[in-house]
Amino acid sequence: MLKAEIFVYLKKSISDPPGIAVLNSLKSLGFNNVEKVRMGKYIVVYLNENDIEKAKELVKLMCEKLLCNPVMEEYKFNISEE
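Position 15 of the sequence shown, counting from 1, maps to 15 under the UniProt record's numbering, and the rest follow consecutively.
If you are wondering where the hints come from, they were derived from the structure by calculation, not from laboratory data. You may find that some hints are simply not true.
Pairs of lysine-lysine residues, derived as DSS-like cross-links and limited to a Cα-Cα distance of at most 25 angstroms, are as follows [as the list claims (entries may be wrong)]:
#: 1; residue 1: K60; residue 2: K11
#: 2; residue 1: K3; residue 2: K36
#: 3; residue 1: K65; residue 2: K76
#: 4; residue 1: K27; residue 2: K54
#: 5; residue 1: K54; residue 2: K65
#: 6; residue 1: K76; residue 2: K60
#: 7; residue 1: K12; residue 2: K76
#: 8; residue 1: K27; residue 2: K41
#: 9; residue 1: K54; residue 2: K36
#: 10; residue 1: K65; residue 2: K11
#: 11; residue 1: K76; residue 2: K11
#: 12; residue 1: K76; residue 2: K27
#: 13; residue 1: K65; residue 2: K3
#: 14; residue 1: K12; residue 2: K60
#: 15; residue 1: K11; residue 2: K36
#: 16; residue 1: K76; residue 2: K56
#: 17; residue 1: K41; residue 2: K65
#: 18; residue 1: K60; residue 2: K36
#: 19; residue 1: K11; residue 2: K27
#: 20; residue 1: K65; residue 2: K36
#: 21; residue 1: K56; residue 2: K27
#: 22; residue 1: K56; residue 2: K41
#: 23; residue 1: K27; residue 2: K65
#: 24; residue 1: K12; residue 2: K54
#: 25; residue 1: K36; residue 2: K56
#: 26; residue 1: K41; residue 2: K60
#: 27; residue 1: K41; residue 2: K3
#: 28; residue 1: K3; residue 2: K76
#: 29; residue 1: K36; residue 2: K76
#: 30; residue 1: K27; residue 2: K12
#: 31; residue 1: K12; residue 2: K65
Here are the simulated distance ranges between beta carbons [unchecked claim]:
#: 32; residue 1: K76; residue 2: V37; range: 14 to 20 angstroms
#: 33; residue 1: L26; residue 2: L66; range: 15 to 21 angstroms
#: 34; residue 1: K54; residue 2: F31; range: 22 to 28 angstroms
#: 35; residue 1: K56; residue 2: F31; range: 24 to 30 angstroms
#: 36; residue 1: E57; residue 2: N32; range: 40 to 46 angstroms
#: 37; residue 1: P70; residue 2: F31; range: 44 to 50 angstroms
Where is the CB? At the ideal position from N, CA and C, for every residue including glycine.
With the hints as extra help, turn the sequences into a complete structure.
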């Protein structure tokens, strides 16, 4: 079994209102050294697959078809043995 850890995040050119809200809250709590916050999604998928290359292709298709909006978001992922 393989585990895919998928990170989906907004493109740098896209405004991130939740990230701005968290930044403002952190600063109001005294964390003045925080310069920028970007929010995203963390998704874990467990695959009944042993071939890492095949798993990479499957996860890429999952991201392109459902998990990521390519107009606004980018993604990266890691595959590891579980």
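Okay, the hints, checked on the actual structure:
{"no.": "1", "hint": "K60 x K11", "in the structure": "holds (17 angstroms)"}
{"no.": "2", "hint": "K3 x K36", "in the structure": "violated (30 angstroms)"}
{"no.": "3", "hint": "K65 x K76", "in the structure": "holds (14 angstroms)"}
{"no.": "4", "hint": "K27 x K54", "in the structure": "violated (44 angstroms)"}
{"no.": "5", "hint": "K54 x K65", "in the structure": "holds (16 angstroms)"}
{"no.": "6", "hint": "K76 x K60", "in the structure": "holds (9 angstroms)"}
{"no.": "7", "hint": "K12 x K76", "in the structure": "holds (14 angstroms)"}
{"no.": "8", "hint": "K27 x K41", "in the structure": "holds (23 angstroms)"}
{"no.": "9", "hint": "K54 x K36", "in the structure": "violated (36 angstroms)"}
{"no.": "10", "hint": "K65 x K11", "in the structure": "holds (18 angstroms)"}
{"no.": "11", "hint": "K76 x K11", "in the structure": "holds (12 angstroms)"}
{"no.": "12", "hint": "K76 x K27", "in the structure": "violated (29 angstroms)"}
{"no.": "13", "hint": "K65 x K3", "in the structure": "holds (19 angstroms)"}
{"no.": "14", "hint": "K12 x K60", "in the structure": "holds (21 angstroms)"}
{"no.": "15", "hint": "K11 x K36", "in the structure": "holds (14 angstroms)"}
{"no.": "16", "hint": "K76 x K56", "in the structure": "holds (11 angstroms)"}
{"no.": "17", "hint": "K41 x K65", "in the structure": "holds (16 angstroms)"}
{"no.": "18", "hint": "K60 x K36", "in the structure": "violated (28 angstroms)"}
{"no.": "19", "hint": "K11 x K27", "in the structure": "holds (24 angstroms)"}
{"no.": "20", "hint": "K65 x K36", "in the structure": "violated (30 angstroms)"}
{"no.": "21", "hint": "K56 x K27", "in the structure": "violated (39 angstroms)"}
{"no.": "22", "hint": "K56 x K41", "in the structure": "holds (19 angstroms)"}
{"no.": "23", "hint": "K27 x K65", "in the structure": "violated (37 angstroms)"}
{"no.": "24", "hint": "K12 x K54", "in the structure": "violated (30 angstroms)"}
{"no.": "25", "hint": "K36 x K56", "in the structure": "violated (31 angstroms)"}
{"no.": "26", "hint": "K41 x K60", "in the structure": "holds (16 angstroms)"}
{"no.": "27", "hint": "K41 x K3", "in the structure": "holds (16 angstroms)"}
{"no.": "28", "hint": "K3 x K76", "in the structure": "holds (14 angstroms)"}
{"no.": "29", "hint": "K36 x K76", "in the structure": "holds (20 angstroms)"}
{"no.": "30", "hint": "K27 x K12", "in the structure": "holds (22 angstroms)"}
{"no.": "31", "hint": "K12 x K65", "in the structure": "holds (21 angstroms)"}
{"no.": "32", "hint": "K76 x V37: 14 to 20 angstroms", "in the structure": "holds (18 angstroms)"}
{"no.": "33", "hint": "L26 x L66: 15 to 21 angstroms", "in the structure": "violated (32 angstroms)"}
{"no.": "34", "hint": "K54 x F31: 22 to 28 angstroms", "in the structure": "violated (43 angstroms)"}
{"no.": "35", "hint": "K56 x F31: 24 to 30 angstroms", "in the structure": "violated (37 angstroms)"}
{"no.": "36", "hint": "E57 x N32: 40 to 46 angstroms", "in the structure": "holds (45 angstroms)"}
{"no.": "37", "hint": "P70 x F31: 44 to 50 angstroms", "in the structure": "violated (33 angstroms)"}
Hints 2, 4, 9, 12, 18, 20, 21, 23, 24, 25, 33, 34, 35 and 37 from the earlier list are contradicted by this structure; the remaining hints agree with it.
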